[in-house]
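Novice: Go ahead and model the full structure; you've got the sequences and the hints to work with.
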Amino acid sequence: MDFDYTPDEQSFRQEVRSFIAENLPPKEQRGKNFLGTWLEKVRAKGWVGFAWPKEFGGSDGGLIEQAILKEEMSLAKAPPLGTSMMGLAWVGPGIMEYGTEEQKKKFIPDILDSKVTWCTGYSEPNHGSDLAAIQCKAELQGDHYLVNGQKIWTTGAPWSQWIILLTRTDFNVTSKHDGITCFLVPMDAPGVEVRPIQNMAGDKHFAEIFFTDVQVPVENRLGAEGEGWKVTVSALANERSSIGEVTQLQAKLDDLKTLVKNSKRQGKPASEDPKIRRTVAKFEIKISAMKYNGLRYLTKQIKGEPLTSETSVNKLHRASLEIEMDDFAIELSGQAGLQLRGGDEAVDNGSWSKGALNWPNVVIGGGTPNIQRNIIAERILGQPKD
Amino acid sequence: MNFGFTEEQNLLKDQVQRFMKEACPMNRVREISKSDSTFDQALWQQTAELGWLGLTIPENFGGLGLKWIDLIVVLEAAAEGLGPLPIASQALASTAILACASEEQKASWLPAMASGEAVVTLGLYDEANWIDPAAVTASAKSTDDGFVLQGKKPFVNDALAANYLLLAVQGPNGLALAAVGKDQVTVTAQPTIDNTNPMASVDIDGVEISASDLLPMSDEQLAFLTDCGGVATTAEMVGAGTAILAMTNGYAKERIQFGKPIGQYQGVKHRLADMFVDLESYRSLCYFAAWAVYDSPEELAKAVSMAKGYASDAFAQIGIDGVGLHGAIGFTADYDAQLYLKRSKWARPMYGDSDYHMDRIATLGGL
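First to last, the protein sequences are chains D and Y. Residues 1 to 386 (this note's numbering) make up the first sequence, in order. Residues 1 to 367 (this note's numbering) make up the second sequence, in order.
Derived by calculation from the structure, the hints in this document are not laboratory data. Careful, some of the hints might be misleading.
Claimed, not checked - Calculated pairs, DSS-like style, for lysine-lysine (alpha carbon to alpha carbon, straight line, at most 27 Å): (1) D:Lys303 to Y:Lys13; (2) D:Lys27 to D:Lys354; (3) D:Lys105 to D:Lys45; (4) Y:Lys67 to D:Lys303; (5) D:Lys385 to Y:Lys260.
Specialist: Here it is as structure tokens:
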């Protein structure tokens, strides 16, 4: 057991820090073109798709270097390394694993160059957590498939150019995991209609998508017909360590402590209230548990030991932290905590009141806490499925 | 960066688990707990021969010269079977000797502790639920040729098994550890919720000791020993938590109600998942704290408070859920689940409950 980094890893961390110092001006000094320049520079560094194989334009980055890169970037509150979060997280890896040579050539460079943003067409009106029960239909008709059906709560759909779409090509199957087929579909294809949905925080991040007689060429199928579930499961398994999340949560905890130090409860400093102190300590413990769980799982990966679904452990911690930290902050601030950005008394420019309404983005997306509990009980503890 | 155990540590874990299964299965644990001494000398000698009592004692004093991260491998694995062996107390006592004694005293104490010949325990605080130098109320007063002890140590773990005791007192020049033989003091067993982990009071009133048997101890050394106690207890909570989760998880797969294994119901499987999440989390925090004892002492206080602060309440809940998910069988004296619930109650206040540790995290974190 040792928590030291090798000289190579340390010099990589230094390289990332110097890059940030040179290329990331304070927020107020960032001009209109900042993001574009930033994306070009991190791309030139090979830090977009850092872990991807070199043949696809990645850097073959090791697990520890990835963790260092994520940690330093989120410590500096840097913009993301590439604009297509989903493209980088699972669409790209899915294409590299299951795609044809043409698909690899067509889609991978645009993800790395932040030219194309992807969204993920999984959930349907009647099938969210029960993902494999999807009904959106695709029928082979000569050189193309005809897609009819509906997706919903598709994050990023209002501004994405492409969607990775799960459909059902066979309805006569004994297992619902069979008969599913995955497609890569342009959002401007005729018959695709996007209707943004406003969430409770007032944002329009997700949408319903209607597919009416949409023609998808056979060459846009990802993997074989009926193999869609396998493609999806292996794509989702590409989610990496939670190191970046931990540094973000630590930064949020620091802000929360500052708020506590500047707050009063019944006229007395809030930082002297035992309940408040212990609540903040509980957050700190959970974040540390995420950090050391993450490092244990990272070590397992490096040693080549199989990971089952241990990342669900940290997902559950993150879910409770995302819900509880903002909630604690607005409760601490009383009526002022309720004010949104722009209010005279709004606390920290309304970031806590916004956060108290925004947690489902992280908590529900990618599998609800109860789904994570099912995963742990069934895949790790071996309990029978429902 | 490597947050995993070495091949040697994994082998040590296997060795302890095998030993517990073969030499000290649960029926033997129950027998030993009911005996007058609550101690099995033959079993103790075996652990000494396996080297477990000298793990953290330097080689020049007859030990193996390893670290606390190696020691907790033994504590965790032995606690899976609720091993009634005072290994943690012995390790804490040797850590106290290393911290507070002269080289000469180390040479006279440590080899006998590594060989198991001396069974030594450590008694720190005299007030329930108070971790502070002021919670040491027993004292030592100077006499012509040494010291006379005053007061009582009400909460000393493994005092019945020990033949020597290191007891914190207020000395003439501040805190100190009084080294006394069992035959000098009056040890009275105190029944607790958990009879696999015996506690006793030690009456030291009027006991005279020689000048060299009072080891000076700074406030920082007391805090360090308390933190080591927290690491040892949390490691045992990891082991005991692992065992009760495995027992409950197995039962949920086999117990059929309403035509299905109860583990198929989300009311059951989600509790099991939450038990797993908590156990995994305080396990990670515990390993880090154990590593910090030697390799990052400046991080130790916070690391221990994270681990024990999480484990105190989490393991208590795991004990309750372990028994509760079993239904009436879990409540049955002949069934082992209830022994782990008792251990969770025992561990909760040891070396600081969750409130103590969370308060300390808040302070160390700048609040």
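Novice: Look at each hint and say if it fits the structure.
Specialist: Right, here's what the structure says about each hint:
For the proposed pair D:Lys303 and Y:Lys13, the alpha carbon gap of about 19 Å is at most 27 Å, so the pair holds. Using a Cα cut-off of 27 Å, the hinted pair D:Lys27 and D:Lys354 holds, with the two alpha carbons roughly 20 Å apart. With a C-alpha separation of about 21 Å, the suggested pair D:Lys105 and D:Lys45 falls inside the 27 Å cut-off, and the hint holds. The hinted pair formed by Y:Lys67 and D:Lys303 meets the criterion: a straight-line CA distance of about 23 Å does not exceed 27 Å.
For the proposed pair D:Lys385 and Y:Lys260, the alpha carbon gap of about 11 Å is at most 27 Å, so the pair holds.
Every hint, counting from the list given before, is met by this structure.
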